[in-house]
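Q: Hey, can you work out the whole structure from these sequences and the hints?
Going down the list, the protein sequences come from chains A and B.
Here the first sequence is numbered in the numbering used here, starting from 75 and rising by one per residue.
Here the second sequence is numbered in the numbering used here, starting from 263 and rising by one per residue.
These are calculated hints, taken from the structure and not from any lab test.
One thing to keep in mind: the hints can contain errors.
Said to hold, decoys possible - Lysine-lysine pairs mimicking DSS-like chemistry, simulated, CA-CA at most 25 Å apart:
hint: 1; chain 1: B; residue 1: Lys278; chain 2: B; residue 2: Lys427
hint: 2; chain 1: B; residue 1: Lys489; chain 2: A; residue 2: Lys162
hint: 3; chain 1: A; residue 1: Lys352; chain 2: B; residue 2: Lys264
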Amino acid sequence: MGKMSVNLCGIELDNPIIPASGTFGFGYEFAELYDINILGTFSFKGTTKEARFGNPTPRIAECTAGMINAVGLQNPGVDKVIGVELPKLAKCFDKKVMANVSGFSVDEYVYTCEKIDKCDQVGWIEVNVSCPNVHGGGMSFGTSPEAAAEVTRAVKAVTTKPIIIKLSPNVTDIVSIAKACEAAGADGISLINTLLGMRIDLRTRKPIIANKMGGFSGAAIFPVAVRMVYQVAHAVDIPVVGMGGVSTAEDVIEMMLAGATAVQVGAANLVDPFACKKIIEALPAVMDKYGINSLEEIIKGVK
Amino acid sequence: MKDTLFTIKSNRLIAKNTSECVLVGDTSDISASGQFVNIKLDGFYLRRPISVCNVEGDELTLIYKVVGKGTEVMARTPVGESWLVLTGLGNGYDLGRSGNAPLLIGGGAGVPPMYLLCRKLAAEGKKCTVILGFGSKDEVFYEEEFKALGADVYVTTVDGSYGIKGFVTDAMDGIDYTHFYTCGPEPMLKVVYSKSTTGGSFSFEERMGCGFGACMGCSCKTITGYKRICKEGPVMQKEDILWEK
Ligand SMILES: Cc1cc2nc3c(=O)[nH]c(=O)nc-3n(C[C@H](O)[C@H](O)[C@H](O)COP(=O)(O)OP(=O)(O)OC[C@H]3O[C@@H](n4cnc5c(N)ncnc54)[C@H](O)[C@@H]3O)c2cc1C
Ligand SMILES: Cc1cc2nc3c(=O)[nH]c(=O)nc-3n(C[C@H](O)[C@H](O)[C@H](O)COP(=O)(O)O)c2cc1C
Ligand code: FES
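A: Rendered as C-alpha cells:
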C-alpha cells in the first residue's frame, strides 16, 4: 500500500484523486492529453434511463473564482453508456470507474442502477440525488431525508456494488439527510454538488443562463464544501467523498483533514485539463511539507 | 490539443475596439482554419475562446473585439508577456468543399477566421470572393490584407459610412460562387442561410466551459444529432443546421 493510497468502500485507490462527474466526460478527451490511469478513478457523466439533450444554451456563466453550469444532465442514456461509452473507455482506462446516476423518479434510479451494477468496469455507483438543474427532478430527492432514504433503499435492493449517495448543498440540514442515507444502507456519501446560483447580464438585463439559474462550482465554493464534508464526516460512519472547489494538492489535504476519504475535482478540469495530473504530481511534496507519511492517516484528522 | 505558453509579439488596435495580437509559441496542433484557441487570463476563471486568424511558423495571429472585462485585459497586455493557450480546438473549415469559386462572408468579430481560410484557398489557386461586414467605417479592418491575398473584396457597413450600405447579404447579389464559408453574429448567419444558393460552412459561437468537449456546456441540436460546438463544431454544414431558440 502506497503513501497516497486510500480504501474507498473496499476498493483500493492508488491515490484519492477522482475527477468529478460532468467535468471529465467519459474520460477519453483527457486520455488524449495524459494517461488517465494515474487517477484514483473518475466519476463519469451523470447517466439517466433515457438519452437527454439537457437545457437550452447558454448553459455556462463565469463567476469570480468559479462558474455556473446548467447543462441539465445531457447524456446518451444508460443503454448507450453501457454499449458505447464503456467499451470506448476500456481502451484507455484499466481501473474500476465510478458510475454516476441520476433520475426523475425512484423507478428510474432503480432501472439505471440495476443495469450499471452488472458492468464489470464499474467499481462504485454514485447516485446523484442533488442535481439542481432539472425542474421537479433530482432536486427534491436530495432535499428531504425521507426522499433521499427512499432512493437509497430502492437502489440498494437491486445492486451489489458500493452505493455512494451524492448530496446537494442546497439544504438547511445536510447532516440529517446524510444520516438518513446511511440508515437506508448507503455505503458512502459524496458531497457537495453545485450550489444554486445566478448571474444577470447588465446590458440585456436578462439572466446569462437560458435556464435562469444553474449550479455554482469552482474554487469559490471550497470553504462551503469543507464545512459540509466536516459536518457529515463527523456524523456518519461510512466513508465520505469530498468535493467542491478543489484545485490544488493543499486543497486535497484540507478536504481529507475535514473528513474525506477520497477527493473529487470538478470545474478545475475544465479550465486546466491537466489539473488532476498536476495535483497528483504535487501531492508527495505537499505531504512532505506538512509531515504526512500516509494520506489514510489524515482522514478526519482535523483537531 | 496542447496547452502551452505563447509570448505576445505585438498587440495593437487596428479598428474601433478591435485589436490584432501576434503570439509566438507552439502552433503545431493548429491543423485547420476555422479552429480556435482558448486563452487563460490572470484573474478570470474561464478561458476566452478566440478564432485562429492566421498561423505562420510559430506565429499565431488573433483579432479580437473588446466587449467585456476579459478582452479589455487582453487589449491592455503588453508585448513580452505570456498567456497559457489551449490550441488545436474545434474542427475547422473543410477546404475540400470550396469548389473553384468560394465565397467567404465575415461579419465583425467573425472576419478573423476568414483570413487563414482565404490564404489557404488562394494557395490552392481558388478564386475567392470575400464580403466583410461591419457596423461603420471606424470598425473596418483587414480589407487590404484580403486584397493582398488576391481576393475580390466587398465591404459593407450598416450605416453606409464605408463601402456598400447595408448587411453582408446586400453584397451577395450577382456574385457567382460554388460554396460559401461564413462566420459572424447569429442573426447574420440566419440571413446568409436563407439567401444563399449553394452549400455552405457556418461557424458558430457559444459560451463555453472547457472548449475541448468535456463539459457539454456548448451543445446544440443539428439534423444529424447533438453536437458540441467546441468539438464537432464550431463549423457546421448548411444541411445539418437546425435553427432553434
Ligand atoms: C469558437 C469561438 C471563436 C471566437 N472567435 C472570436 C474572434 O476571433 N474574435 C473575437 O473578437 N471574438 C471571438 N469570439 C468571442 C469571444 O470569445 C468573446 O467576445 C469573449 O470571450 C468575451 O470575453 P469578455 O471577458 O471580454 O466578455 P464578458 O462578457 O465579460 O465575458 C464573460 C464570459 O462570457 C463569455 N462570452 C462572452 N461573450 C461571448 C461570446 N460571444 N462567445 C462565447 N463566449 C462569450 C466569456 O468567454 C466569459 O466566459 C469567439 C467565440 C467562440 C465561442
Ligand atoms: C459542467 C458541470 C457538469 C456537472 N455535471 C454533473 C453530473 O452530471 N452529475 C453530478 O453528480 N454532478 C455534476 N456536476 C457537479 C460536480 O460533479 C461537482 O459536484 C461540483 O461541480 C463541485 O465540484 P467543483 O467545485 O470541483 O466543480 C457538474 C459540474 C459541472 C461544473
Ligand atoms: S465547452 Fe465544454 S463541451 Fe464544449
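Q: Which earlier hints can't be squared with this structure?
A: Violated hints: none at all, because every hint is consistent with the structure.
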